[in-house]
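All chains should be built: construct the whole structure from the sequences, respecting the hints.
Protein chains: 2
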Amino acid sequence: MKVAILGIDGYLGWPLALHLINQGHEVSGIDSFARRYRVHELDCHSLTPIEEWTYRKIMLSTVQVAGFKFAPITLGVSSPSFIRTFLQDVQPDAIVHLAEQPSAPWSMRNVEQASITQIENVIGTLHLLWAMHEVCPDAHLIKLGTMGEYGTPDCVIPEGEIPKRCLGEHVWYSNEDSTPQGYLCPMSGLQFPRAPGSWYHLTKVHDTYNIIFACKAWNLRSTDIMQGPVFGVKTEDMGDKESLITRFDYDEQFGTVINRFCVQALAGIPLTVYGHGGQTRGYLPLKDSIFCMTLAIENPPKAGEYRTFNQFERTYSINELAQIVFEAGALLEMNVKIAHYENPRKEAETHYYKPHRNKLIELGYKPTKDITPAVTLLLRDLMPYTSRIREHLVIPETRWDTMHRQSEVLK
Amino acid sequence: MKVAILGIDGYLGWPLALHLINQGHEVSGIDSFARRYRVHELDCHSLTPIEEWTYRKIMLSTVQVAGFKFAPITLGVSSPSFIRTFLQDVQPDAIVHLAEQPSAPWSMRNVEQASITQIENVIGTLHLLWAMHEVCPDAHLIKLGTMGEYGTPDCVIPEGEIPKRCLGEHVWYSNEDSTPQGYLCPMSGLQFPRAPGSWYHLTKVHDTYNIIFACKAWNLRSTDIMQGPVFGVKTEDMGDKESLITRFDYDEQFGTVINRFCVQALAGIPLTVYGHGGQTRGYLPLKDSIFCMTLAIENPPKAGEYRTFNQFERTYSINELAQIVFEAGALLEMNVKIAHYENPRKEAETHYYKPHRNKLIELGYKPTKDITPAVTLLLRDLMPYTSRIREHLVIPETRWDTMHRQSEVLK
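Chains X and Y supply the protein sequences, listed in that same order.
Be aware that the first sequence starts at 10, since it is given in the working numbering, and climbs by one per residue.
Be aware that the second sequence starts at 10, since it is given in the working numbering, and climbs by one per residue.
The hints are simulated quantities; they were obtained by calculation from the structure and are not laboratory data.
Mixed in with the good hints there might be a few duds.
The list cannot tell twin chains apart, which means a pair is met if one copy fits it or any two copies do.
[To be verified] Here are the simulated lysine-lysine pairs, BS3-like style, with alpha carbons at most 25 Å apart:
1. Lys-225 <-> Lys-363
2. Lys-355 <-> Lys-311
3. Lys-225 <-> Lys-355
Next comes the structure, spelled out in structure tokens:
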């Protein structure tokens with residue numbers, strides 16, 4: 010199949026490109042290099058020594074059969090004609106859209122970054138949808154959402170839509186008075202209500218609604234993958250070639266929690282648990298993320314269909330993650346410490362959490378059941394790069410509610 | 010109170026300013042004049058002969074006591090510092106945000122207009138929220154949403170949130186198989202799921218989620234008024250002064266349905282009913298809209314609260330509206346014809362529709378029970394301007410799904 014990867018130079022885009030090429034697909038891509046640039050701005054760099062794009066491009070062309078197209082544009086900021094022309098040239102069967110600003114703390118820093126996040130993500134996807142409508146309406150859009158769209162409601166979270174069949178007819182009642190007011194249970198597909206927790210997470214919700222509308226109005230097809238945070242740095246497609254390794258961010262803004270914990274373990278810094286550490290999410294190893302995107306690409310929905318996959322195997326609290334890193338560290342003879350910091354975010358620190366996740370498994374996804382071995386492997390993979398760690402960047406200082414400052418350790 | 014009206018030169022902004030000044034409030038405002046400009050671009054004009062802004066400003070200063078501030082900016086497009094500086098100068102108690110692109114067809118014309126709509130509305134509100142956070146966090150944001158955020162689900166629509174108390178514990182079941190899977194009814198405030206039907210309607214949903222987050226993260230307070238389409242052209246605050254009249258759009262893009270029907274009746278053109286005409290919504294006269302915004306301003310929510318008002322009295326199908334205009338026309342000795350046109354939109358033409366609307370009534374709103382007299386009055390108010398009608402602009406040609414072209418009359 011012809012697959013266009015938007016954000017091909019990124020953490021997920023690069024290993025996905027390698028995997029799809031190994032699977033015999035024809036890959037093309039765009040990237041604005043915003044991630045490289047923004048991490049440099051933080052006075053940081055990928056912990057892994059990633060290659061420059063021009064060299065990566067050469068490596069790709071040695072393994073793939075078909076020609077490779079590349080365009081350095083920023084969706085949503087560039088004119089809509091850029092993405093239209095790119096898709097016109099490439100005529101992809103599938104488009105994997107990873108070209109979004111992916112950091113919640115980055116989006117919370119100031120009005121400029123909040124605004125850039127919402128423009129790049131929401132308007133970027135809007136431009137993409139129009140371009141698909143105009144030049145490749147049969148292509149399949151694979152879009153990364155996030156489990157964070159749902160927040161932490163005190164009920165089971167379905168995969169995207171509220172289930173259509175209900176037990177009774179009257180299920181919602183007003184709490185204004187004690188008289189049942191007869192809220193009918195919806196019988197047709199309404200989205201499960203979203204409750205996102207940052208300007209970044211909001212963009213994923215806005216995208217969701219924009220894409221649903223495009224599928225309905227224009228008969229486009231899309232898979233929206235609600236991923237838990239991904240961790241890890243190597244996949245089988247890289248073999249032993251260090252030059253093929255993907256980027257690895259561990260700073261407060263672009264490093265997700267397991268990545269950050271592993272780097273803290275390596276540097277001998279206490280793991281930064283935010284608040285009580287009861288925040289519970291589903292996490293997944295890099296190879297599972299790539300596996301699922303490939304499954305989605307190879308099993309497209311029908312025209313007009315918008316489908317949601319929740320992607321994770323089991324859920325862990327932050328305290329459990331810290332314990333896993335502690336134990337993985339012990340296996341590698343590290344003495345890992347854990348500290349509770351003031352939570353810089355506004356989020357529930359203990360909560361009910363029960364999302365569903367069956368659709369990918371029905372397509373053949375074999376999830377990693379226990380993440381502990383993958384965390385141990387990650388620690389081992391990162392050991393050669395310990396000297397590259399910039400320690401001052403791992404303490405949170407972007408706050409949700411007030412002036413930004415480094416969080417204090419809780420007594 | 011000090012009230013800042015964003016979009017003060019518009020259809021609702023202008024009569025609201027007149028009303029608030031008459032009520033003794035101190036009014037300030039901004040406007041980009043985008044509405045005047047965009048209607049000119051359609052080769053159209055307000056049916057009513059509205060005054061230029063500089064003259065309107067002089068009229069305002071003769072009736073109010075306090076100084077009047079005005080700034081011509083486009084939210085979302087201008088730098089965020091414009092709105093921050095404005096709010097810093099004004100220090101409002103309430104901010105009424107009407108400065109959004111309000112037309113669904115206009116947003117569906119092409120990618121540029123879809124993009125401008127989402128940037129002006131979503132990023133505009135985002136800039137406003139940041140400015141409030143930074144310079145007037147206690148101010149009350151009154152924002153116009155639309156009943157169109159909800160779409161037409163086959164269940165009762167509550168006012169914003171899913172009611173908190175449920176009959177039983179397990180209310181949603183999966184339709185994947187016949188085994189109840191125990192979807193718990195949410196016990197805490199989740200938003201009722203939205204299902205908007207145009208790029209414009211989507212912006213109102215995006216705003217909703219952005220504002221909810223700002224209330225939660227920053228303790229801002231906001232009232233989101235889900236209005237049905239408003240009609241009418243005069244309010245008591247204008248007295249007999251034609252120079253105080255508000256604008257009146259009747260073209261396919263900026264004219265809402267009752268306004269358009271009245272102009273068609275006056276021009277002797279058959280009323281353009283889209284499709285079967287079973288589309289059902291709540292409509293309200295201009296004076297009710299102004300009344301409700303004033304009620305909201307004078308009864309602010311508490312800090313951190315986001316509240317939703319659904320605003321309409323009863324609902325009408327398009328066929329019923331056409332009948333009302335027919336009868337109002339008969340009273341004025343007009344021979345009104347009704348025609349069914351191909352529906353240019355993607356929408357249900359017959360559907361269940363039962364939204365709740367109690368919160369404004371609890372605050373003292375006395376709604377117009379029957380809109381027929383108000384429609385008759387509107388027809389009479391417009392009669393002096395019949396010669397200004399540009400007839401070619403009232404047939405729909407913006408289509409939701411394909412190349413734009415004039416809709417055909419259905420046999």
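Now the hints, each set against the structure:
1. When the C-alpha separation of Lys-225 and Lys-363 is checked against a cutoff of 25 Å, the pair qualifies only between copies, where the shortest distance is 23 Å, while the shortest distance within a copy is 29 Å.
2. Proximity of Lys-355 and Lys-311 under a CA criterion of 25 Å is satisfied inter-copy only: 19 Å between copies versus 39 Å inside one chain copy.
3. For the homomeric pair Lys-225 and Lys-355, the shortest alpha-carbon distance between copies (8 Å) is at most 25 Å, but the shortest distance inside one copy (35 Å) is not.
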